[in-house]
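J.: Here's the letter readout for the chains.
Number of protein chains: 2
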Amino acid sequence: MKESVTFSKDLGVRTLTTLLFLPLFLVLVLVSRITMVGIFLVIAFLAFWEYLGISLGRREPFLLLLAGGVLAWIYIAPLFSESVRISGWYVSALCLLGWALQDTTKCLERVSFFLFGVFYCFVLPFFWVRTGLEFSSKTLLFFASLVWINDVSAYLIGVRWGYRKILPSISPGKSWEGFIGGIGSTVLGSVILGQFFGFPFAWSCACGCSIPPLAFLGDIFESALKRRSGLKDSGTILPGHGGILDRFDAFFAVGPLVYLLASLGRG
Amino acid sequence: MKESVTFSKDLGVRTLTTLLFLPLFLVLVLVSRITMVGIFLVIAFLAFWEYLGISLGRREPFLLLLAGGVLAWIYIAPLFSESVRISGWYVSALCLLGWALQDTTKCLERVSFFLFGVFYCFVLPFFWVRTGLEFSSKTLLFFASLVWINDVSAYLIGVRWGYRKILPSISPGKSWEGFIGGIGSTVLGSVILGQFFGFPFAWSCACGCSIPPLAFLGDIFESALKRRSGLKDSGTILPGHGGILDRFDAFFAVGPLVYLLASLGRG
Numbered sequence: 001m002k003e004s005v006t007f008s009k010d011l012g013v014r015t016l017t018t019l020l021f022l023p024l025f026l027v028l029v030l031v032s033r034i035t036m037v038g039i040f041l042v043i044a045f046l047a048f049w050e051y052l053g054i055s056l057g058r059r060e061p062f063l064l065l066l067a068g069g070v071l072a073w074i075y076i077a078p079l080f081s082e083s084v085r086i087s088g089w090y091v092s093a094l095c096l097l098g099w100a101l102q103d104t105t106k107c108l109e110r111v112s113f114f115l116f117g118v119f120y121c122f123v124l125p126f127f128w129v130r131t132g133l134e135f136s137s138k139t140l141l142f143f144a145s146l147v148w149i150n151d152v153s154a155y156l157i158g159v160r161w162g163y164r165k166i167l168p169s170i171s172p173g174k175s176w177e178g179f180i181g182g183i184g185s186t187v188l189g190s191v192i193l194g195q196f197f198g199f200p201f202a203w204s205c206a207c208g209c210s211i212p213p214l215a216f217l218g219d220i221f222e223s224a225l226k227r228r229s230g231l232k233d234s235g236t237i238l239p240g241h242g243g244i245l246d247r248f249d250a251f252f253a254v255g256p257l258v259y260l261l262a263s264l265g266r267g
Numbered sequence: 001m002k003e004s005v006t007f008s009k010d011l012g013v014r015t016l017t018t019l020l021f022l023p024l025f026l027v028l029v030l031v032s033r034i035t036m037v038g039i040f041l042v043i044a045f046l047a048f049w050e051y052l053g054i055s056l057g058r059r060e061p062f063l064l065l066l067a068g069g070v071l072a073w074i075y076i077a078p079l080f081s082e083s084v085r086i087s088g089w090y091v092s093a094l095c096l097l098g099w100a101l102q103d104t105t106k107c108l109e110r111v112s113f114f115l116f117g118v119f120y121c122f123v124l125p126f127f128w129v130r131t132g133l134e135f136s137s138k139t140l141l142f143f144a145s146l147v148w149i150n151d152v153s154a155y156l157i158g159v160r161w162g163y164r165k166i167l168p169s170i171s172p173g174k175s176w177e178g179f180i181g182g183i184g185s186t187v188l189g190s191v192i193l194g195q196f197f198g199f200p201f202a203w204s205c206a207c208g209c210s211i212p213p214l215a216f217l218g219d220i221f222e223s224a225l226k227r228r229s230g231l232k233d234s235g236t237i238l239p240g241h242g243g244i245l246d247r248f249d250a251f252f253a254v255g256p257l258v259y260l261l262a263s264l265g266r267g
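Listed in order, the protein sequences are those of chains U and H. Here the first sequence is numbered in this note's numbering, starting from 1 and rising by one per residue. Here the second sequence is numbered in this note's numbering, starting from 1 and rising by one per residue.
Heads up, some of the hints might be wrong.
If several chains are the same, the list does not tell them apart, and a pair holds so long as it fits within one copy or across any two.
To be verified - Using 25 Å as the maximum straight-line C-alpha spacing, the simulated DSS-like pairs for lysine-lysine come out as follows: (1) 232 / 165; (2) 165 / 106; (3) 232 / 106.
Hint data in this document are derived by calculation from the structure and do not stem from the laboratory.
Chain U extracted, bound-state conformation:
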C-alpha cells in the first residue's frame, strides 16, 4: 500500500516538473536557432557539472571553465591553420595536466574522466543541435518526442506489468516487459507523429524501432555510473526526476543515431 502511495506522489511531482520544463524546452527549441543552441548548452553544462560529481567526486569550477575553453576551441579552431590548432590543444593539455598532477594517485582518473565527460556531455548532445540546425527544429522535436514516449511508456508499463528484470544489479527498475512495451509505444508514436509531420512511413517505423534499444543502453550506462559512486540520482535540479543526467541519459546516447536517421531520411 505504502509503495503505491510513494509511487503516486513521485509520479505527481514528476508530472508537475515535466509540465513546467517541457513547454519551456519546446519554446526555446522552436523560437530561434540561438535559443535552441542555448538550451542545449545549458543542459550540457549542467550535465557535465553533475558528471564531475559522480565521476571524480569533485565539482571544481576550474573544470567547467576548462571544458568551456575546449568547446570554444573546437568551435573556432577550424578557422586557424593546423599549427595554431595544435598549439591550442597543447595549451588545453597543459591546463588539464597541471590540474591532474596535483593528485598523483588520481592523475589518470582526472585526465581520462575529464576527457570522457567532454565527449559524453558535449559531443553527444551536439548531434541533437546539428540535427536541429541542418534539418529543422521540428525534426529535432520529432526525435525528442520518441525518446520521451519510450521513457515514459517503458517506465509506466514496467511499473504495472514488469516482472522479468533485465539487469537487476545495475538498474533494478528495468524489465523486459517495460522494454518491449517501450518499443511498441515508440513505434506507434513515431508512426502517428510521422504522419502528422509528413515523414515517410517506413522511415518513421525505423526511427521508432532503433531509438529504444540505444536509449536503454544509455540509461543503463548512466545507472552504472551512479552505482559506481553509490548515488541514486545524479542531481536534484529536476524534482521527481533527479538530475539533468538522469533525465537526459537516453537523450545523449541516441544523439548520433538521431543525426544518422535524419540524414538517411533526407537521402
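Dock chain H against the given chain U, drawing on the hints supplied.
T.: Quick look at chain H alone, frame taken from chain U:
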C-alpha cells in the same frame, strides 16, 4: 660505492639494449614508408599493452583487438558516408560498453581509460608517422635524435650534478640541473644536426628549445601513471630501460609538437 656499481651496470645493460634496438629502428624508418609505419604500429601496440597493465591492471587481448578495430575504422571511415561512419562508431561503442558493464563498479574506468589509451598510445605517435610521411624520414630522425639527446643528456647530467629535485614525489630522478642541461645539449645538438641536414639555424634552435619541456612533461605524466599503480617500470621488454612506455613517454608527448615544428619549417 655500491650505488655507483649498480649505476654502471645499469648503464651497461642500457647501452647494450640501445646498441641493439636503435640501429634496427633507424633502418626500419629509413628503408621504406611501410616499414616506418610498421615499426610505429608495433611500438604503439606494445605501449598500449603496457598501458592496459598500468591503468586497468588487466591486459585483455580483447582490448587490443578492439583498439585495432577502432584504428582500422579511423583509417577507412573517411571512405564512407557519415551515416556509415556513425554506425561504425556505434558498433565500437557497443563492444566497449558490453565489456565495461561486466564490472559495474569499474565501468567508467574501463570506458574512459580505454579511450584515453587509444589517444595516448596511437593518436600521439601517429603525428610522428605523419611527420615522416608528409615531410621526410630524415625530418623524423632529426626530431627523434633531439628527444634522445635530451633524454640521455638530462639523465647523465642529472646523475652527475643533479641536486635540486623538481618533483621528488612523482619522479625522484629529475633535477633542475638535468633539465637545464638537457635543454642546453638539445639546442647544441639541434644546431649541429640542423647544419648537417641543411635546416635553417633559427628553426633548429626553436626545435631544440621547445622539445625538452614537453618531453619532460610527458615523462612526468608517465611516471605519475606508474606511481599510481605502484610500478617502477611499465614493462620489461627493453633490458635496462624498462618497458616501451618508459622509453617512449617523451616521444609520444612531443608527437604533435614535432609535426607542428615540421609544418612551420616548411612554411
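J.: All hints, please: hold or fail.
T.: Hint-by-hint comparison with the structure:
Within a single copy, residue 232 and residue 165 get their C-alpha atoms as close as 18 Å, which meets the 25 Å cut-off; across copies the closest is 45 Å, which misses it. In this assembly of identical chains, residue 165 and residue 106 lie within 25 Å of each other by CA distance solely across copies; the values are 22 Å between and 35 Å within a copy. Taking the shortest alpha-carbon separations for residue 232 and residue 106, both the intra-copy value of 24 Å and the inter-copy value of 17 Å come in at or below 25 Å.
In this structure, every one of the numbered hints holds.
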